[in-house]
Amino acid sequence: MPTRGGPLRTLRLFWVFFRVGAMNELQYRANFIVQIFQSAIALGTGLAVLALVFSQTGELNGWTHAELLAVMGVHFLMGGIIGMAIQPNMERLMDDVRRGTLDFTLTKPDDSQVLVSVREFRIWRAVDVVIGAGVLAYAVSQLQTGITVADPFVFALALLLGALMIYCFWLILTTGAFWVVRMDQIAELFEGVYQSGRWPVTIYPGWLAISLTYLVPVAFAVTVPAEALTGRLTVETLALAAGFAIALLAFTRWFWRFGLKHYSGASA
Amino acid sequence: MIARASVGVRAIASARALVDVYLTEIRIAIVEQFQYRVGNYLYMIGMVAEPVIYLVVWTTIANQQGGQVDGITAGDFAAYYIVWTLVRNMNIIFTPYGWEERIRQGELSGMLLRPIHPITWDLGYFAGWKFVVIVLWLPIAFVLGLLFHPVIDPTPLDIAVFGLAIWGAYLIRSVFYWTVGMITFWTTRVGPIFELFITAELLLSGRLVPLTLMPDWAQRLADVLPFKYSFYFPIEALVGNLSDQDLYAGLAMQLFWIVLGSVVVRIVWRFAVRKYGAVGN
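Going down the list, the protein sequences come from chains Z and U. Its first residue numbered 1, the first sequence is counted upward by one per residue in this note's numbering. Its first residue numbered 1, the second sequence is counted upward by one per residue in this note's numbering.
The following block holds chain Z by itself, in its conformation from the complex (with noise of 0.2 Å):
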């Protein structure tokens, strides 16, 4: 047996938990149908805002209909990526430190951060990652600018990090459920706040910008993507997002064991 930790262990608990969530999704076939319906609404209504948009105008604070349109894949193609594996195992999370049942994770011979990370994976919100990527690659044709050979990697990796940053900033909140108990708002408002991340932030005032930056990382999970493929990202900006990546991964690996220590347990 290998020893605890290391990132291949890591992996290969994770393929273990997805096989699992996998094989039990697949016994509700007719929720993929479901999903693609909502999705296909959830699409038909991000056109028919830009169409609004468009309608008015030929570009907006400097970004073209292509531009946007790219963005709005970027941003259900995040969304999916949330929906799928980070959300369903904080709100999980978050149910078992109100009930108590977090203890039968804690006994369990690894790492407890990876453990309450990696239970939950929602395979059909796949959906949305396939259409988001769809979106993103017609936009990205319709683009005039073009792209380069490199972008595609840019992307991928700007992408990843503000995965990262998405998943720190709900497990950072959801260890606060160790002291608040009660965090039923937080799926709602996080979805709220979300929804600003269909539009550049550019566009957002100073301090709202800001706060989508560094409060609640959207603009690190849509945006900078966005300007990979849209010949906007600088290395300055790519290099924040790394190095604010990495940050945010070492606070939030503090915080868990932190808040792990006020962690009474409801069943004992």
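Accuracy of the hints is not assured; some may be wrong.
[To be verified] Cβ pair distances, simulated, as ranges:
1) Lys275(U) <-> Ala242(Z): 51 to 59 Å
2) Gly58(Z) <-> Asn241(U): 26 to 34 Å
3) Phe256(U) <-> Val130(Z): 41 to 49 Å
Derived by calculation from the structure, the hints in this document are not laboratory data. Each residue gets a CB set at the ideal place from its N, CA and C atoms; glycine is no exception.
With chain Z held as given, fit chain U onto it using these hints.
Just chain U now, kept in the frame of chain Z:
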């Protein structure tokens, strides 16, 4: 003669009893919801994100085009979307998604045993909650006002009509969402139906943008649907330049949709309740 009098007396007594039920429900809701101030606030702040996003987008467009879009200035947009936040909160009613739990958990059984229509409980409770929401909303409106500089100049009549129209909006939305929610009696896969309904409302009610920015065909469609009377009309009554005649006509249309919706609720309920097999209790 005596028989007729006693019928009259009984009608008055039952009307008085109904008013009593409403007042009690309202009182309970106020006391209960004031306990959850923090939860209510978090919820309301999450809700403010939506109009702020619309507001920023349309303000950006207005500023790009020399200050206005189709005659609507940045200050007008700010006024529209800030009043929007109150109207949206007035519009919160028993969610159609809540029916599944009501049916599955057998909660409905208890409601059926009582000698009044079950919608009474929802109407009363959510109406009471509104008083809490309005109080909590005032500071939010103040902060939004400081941040976005709304331009608003209502007449006393505008204010009076607005005061009535937000309750009209509440009732319209209550009866229509109650009807849609009752679909749960026939099928459990209601999510897609609800979302279609909610999306139609989003686009055709003025929730997304002031309706005058929509294409002509969409505006004509909105005219014959109830949606705009629970968003666009109340907001416009306060911030727009509606004539006195338009204001009264709007209230009349609200009344029309409330009556129509209530009739539909009565009819659908009669069939729906036959589908109900008490589960749980």
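Right, here's what the structure says about each hint:
1. Lys275(U) <-> Ala242(Z): 51 to 59 Å: holds (57 Å)
2. Gly58(Z) <-> Asn241(U): 26 to 34 Å: Given range 26 to 34 Å: holds, Cβ gap about 29 Å.
3. Phe256(U) <-> Val130(Z): 41 to 49 Å: holds (45 Å)
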